[in-house]
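**Student:** Below, each chain spelled out in residue letters.
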Amino acid sequence: MLGQTKPAAVSMYEATGETAFIYHQIRQVLRASGVSAIFRSWAGAEHVLDAMWSALRPNLETRAFEDASDHVREAAAHAAHPLGTLGAVTHFEPTESRAFQIRAALDLHRYLTPKLLLLAAAARLALDGEYIGREGAVATELVERGVPPRMYPMALVDERPDDKQLRDLFRDVRRTMKTTAADDVYRSLALWPDYFTAAWTHLRPLTRGDEFRDAVDSVRETARSLARTLPLPLRLPPEYFQGRQADMETAASITAEYEDALPGTLMNVMLFATDWQPLDALARSPFAAESRAARRASPRTTAEVA
Amino acid sequence: MAWRDFQALQRVTTLGDRFVSYVDQGSGDPVVLLHGIPTWGYLWHHQLDELSASSRLLIPDLLGYGFSDRSDRFDRSIAQQAAMVDAWMQVIGVEQATIVGHDVGGGVALRLATHFPRRVARLCVMNSVCYDAWPTESMWRRGLPHAARDMSRRDKMTAMVRGLRDGAFASAPDDDLLESLLAPYATAAGMHSLERDAESLDVNQTMEIVPLLSRITAPTLVLWGEDDAFLPVDYAERLAWDIPDAELIRIKGARHFVMLDQPDVVRGALTQLLGVAVPV
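Chains as they are written, first to last, in numbering that gives the first Met the number 0: chain R, 0 to 305; chain B, 0 to 279.
If we strip away everything but chain R, and leave its shape as in the complex, we get (with noise of 0.2 Å):
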């Protein structure tokens, strides 16, 4: 946990300058319409985004990435399976606009949170000083950039909200999940209240039973097995972050923290989406990514062109 020393986060509106060139970047090469609380949290420590991002964007481009967390997305609807429809829908009143747009909330979340998940999982091993892909000439398909036309956008009630009722359902969220923040999906989920109050008072008691400790273990072992087989190379050593004038340490400690949410996390955005999607439905990606069409690797710049 990161404590009295954790710095503020960078909203995913008001960065500037490289931030926010770099926000851009996510946006498109992870296909999301936000920037998730992982990248503005390492955005709030001086270079660490620039370090943490320009390590891992080659990996997050490949068809490699996106089939592993395609596999992951897989591994949690699958832990989810035997827990069941979690039933909230009959405690709230779920009129037609309201469910379109709780569906296409949860379907960006569970497109996008695999995708965190498997990166963090492996920022953390390179972290921890594991060498994550192979060195030399890599053949790798990469999938096509740009957030997918249908992709609901990333809309988020303040992490400390006016509203009494939802700051204590957050607080709740964060002690029962052992986080120090709510992650994007409940505040997400959070635009509904009357949703939100019924699903998380749903789903908090399966949080504590075996089954459900079970599964987000394996999840999170699904998450790491695959990181580890991710081609292109990731090496984070102390010399990296010297070398960028970033603070390893802090670096670490953010990583650490969300690695350590995300499974349950994604397990949470399975068992929420179990009251809108068939079972079967849950392992299968949103948005499905097209493979790039061979191009330049880099734009030209102006001296090229003339």
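Calculated from the structure, these hints are not laboratory results. Predicted model, so just to flag it, every value in this text is computed and none were measured. Virtual Cβ for every residue (Gly too), placed ideally from N, Cα, C. Take these hints with a grain of salt, some might be off.
Said to hold, decoys possible - Partner residues aside, some chain R positions facing chain B, computed with beta carbon under 8 Å:
#1 Ser10
#2 Val28
#3 Ser32
#4 Arg159
To be verified - Over the 12 Å line for every Cβ pair with chain R, so calculated as not near, a few chain B residues:
#5 Ser26
#6 Ser151
#7 Ser192
We have chain R already, so just place chain B on it with the hints.
**Tutor:** What follows is chain B alone, placed relative to chain R:
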């Protein structure tokens, strides 16, 4: 009516990659009510119960507004919004309707009447963007890239509430009403979407249709809060002069949000318009 109760009435339909949230209440001749910036369909909540007793009220949130699609990857101009309304009416099976628009929604209504005239049985524009009357300076500034970054979201929301309270109403709106009108923009993503909406305000799209106004054949009512400081009543006079046989009703004791300042007067005028026979 609380805004969440209004939102609960909304249905949703997809148009290609976009989706539109809308209220569909009542039966009878269809009436489409279009809101402006920075509001959403809730703007019309005073009209909902009474008008839906005799008409089918259809109240969409424009693209990028309210609870319709607010992703960051599409055109929000009034030309595009008119095309959206045309496509949406097609999808929900409404061939023709009385089109009522306020502010930016009025601009959309005028674009519908000039570019999709088959959709417009009758037309009502109230305190509408038109000619070169817009964008207002505050909305124009909201769309500037640096303005978006120079204030915190809370400060932006506070400024917007203050702007509405101080300049947009002749009546004294309570905090609850103002917060309800702005509710979809309370999150960072919502505010960002509103800034994109502001960036799309384009005077050329109302100037472009000036030569076409004289071709509007639908019975037209120009309804204007006389004390509107954002869109002065002079522009209403121009519209009533350019659109053949248009009737102008100037409403005293009303500013920009005429339907909230004088809901009974607006309801009465709309009821009267709905009684006008549509030319075949």
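**Student:** Each hint needs a verdict: does it hold in this structure or not?
**Tutor:** Here's how the hints hold up against the structure:
no.	hint	verdict
1	Ser10	holds, 6 Å
2	Val28	violated, 16 Å
3	Ser32	holds, 6 Å
4	Arg159	violated, 12 Å
5	Ser26	holds, 18 Å
6	Ser151	violated, 8 Å
7	Ser192	violated, 7 Å
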